[in-house]
Amino acid sequence: IQPSAVINAAAYTQVDAAESDQDAAFALNAEAPTKLAACCAQADVPLLHVSTDYVFDGSAERPYLEDDPTGPLNAYGASKLAGEEGIRAQTAAHIILRTSWVYGPHMPNFVTTMLRLAEEKGGASVVDDQIGAPTSALDIADALLDIAHTVLDQSDQDLWGTYHFVAAGQGSWADFAALIFERFDAHSGKTTELKRIATSAYPTPAARPLYSVLSTQKLSQIFGITPRDWTIAAQETLTRLLERGMR
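With my numbering as the guide, the letters of the sequence shown map in order to residues 111 to 357.
None of these hints come from the bench; they were simulated from the model. Please note that the accuracy of each hint is not assured.
In silico SDA-like cross-links for lysine to any residue, where the CA-CA straight-line distance does not exceed 20 Å [as the list claims (entries may be wrong)]: (1) Lys145 with Trp270; (2) Lys231 with Gly299; (3) Lys328 with Thr180; (4) Lys145 with Ala120; (5) Lys231 with Asp295; (6) Lys300 with Thr223; (7) Lys300 with Ala202; (8) Lys328 with Leu269; (9) Lys300 with Gly355.
So the derived label-pair ranges between C-beta atoms look like this [claimed, not checked]: (10) Thr301 with Gln345: 16 to 24 Å; (11) Thr223 with Ala137: 38 to 46 Å; (12) Thr301 with Pro113: 48 to 56 Å.
Idealized CB from N, CA, C, for every residue including glycine.
Let's have the full structure, built from the sequences with the hints guiding it.
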């Protein structure tokens, strides 16, 4: 095929399942990217790889920078961190793009789940003390393509490395659900109930970081990419889903 660059968007993303299926999670999130990086190095093409906010432990009180200490709380985060380390060891010509709370109009995700619960159950209880930046998969795709074109055009070794791309602003999962329910109610004429709860009231197999907002300052400075506000991008996806009846 002789590509000019490779973008790796594949991952084991079932966070809770990874706790009991660590072999599969590490195979796809650590071993596969490492081997892919070796292939890219042999072919002399750059690798762009998507990683996650879950490489951090959530104890920060300001948005995480790319060189902040990592400390994943769960197997998923550990597998993604191992993938980052494997890529760095195999090829210098890489971009690792960490993102967070990804949703989109095509695959099952938080937005589609909340829309289903709104329609079938009339509401949901949603965690209100985990803070992050919901980020559209479509915006991530655009950012990856912009980055790829830039590194191919400039061939500047100083561009390689790790970056963060998340939507602007921040909110809790409950804030995200509130926006989804508001749009659902306006579209359907129904009234959806949201109950805001603490993480302790919704135990899961995998621990989640309570704060995982990522700083995008480095990406903006180097590549000139300015993320959209999370609420704007989310409403765009909600419009697509509701108009198509995809819930």
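Against the structure, the hints:
no.: 1; hint: Lys145 with Trp270; verdict: holds (19 Å)
no.: 2; hint: Lys231 with Gly299; verdict: holds (15 Å)
no.: 3; hint: Lys328 with Thr180; verdict: holds (18 Å)
no.: 4; hint: Lys145 with Ala120; verdict: holds (13 Å)
no.: 5; hint: Lys231 with Asp295; verdict: holds (13 Å)
no.: 6; hint: Lys300 with Thr223; verdict: holds (17 Å)
no.: 7; hint: Lys300 with Ala202; verdict: violated (53 Å)
no.: 8; hint: Lys328 with Leu269; verdict: holds (11 Å)
no.: 9; hint: Lys300 with Gly355; verdict: holds (15 Å)
no.: 10; hint: Thr301 with Gln345: 16 to 24 Å; verdict: holds (19 Å)
no.: 11; hint: Thr223 with Ala137: 38 to 46 Å; verdict: violated (26 Å)
no.: 12; hint: Thr301 with Pro113: 48 to 56 Å; verdict: holds (51 Å)
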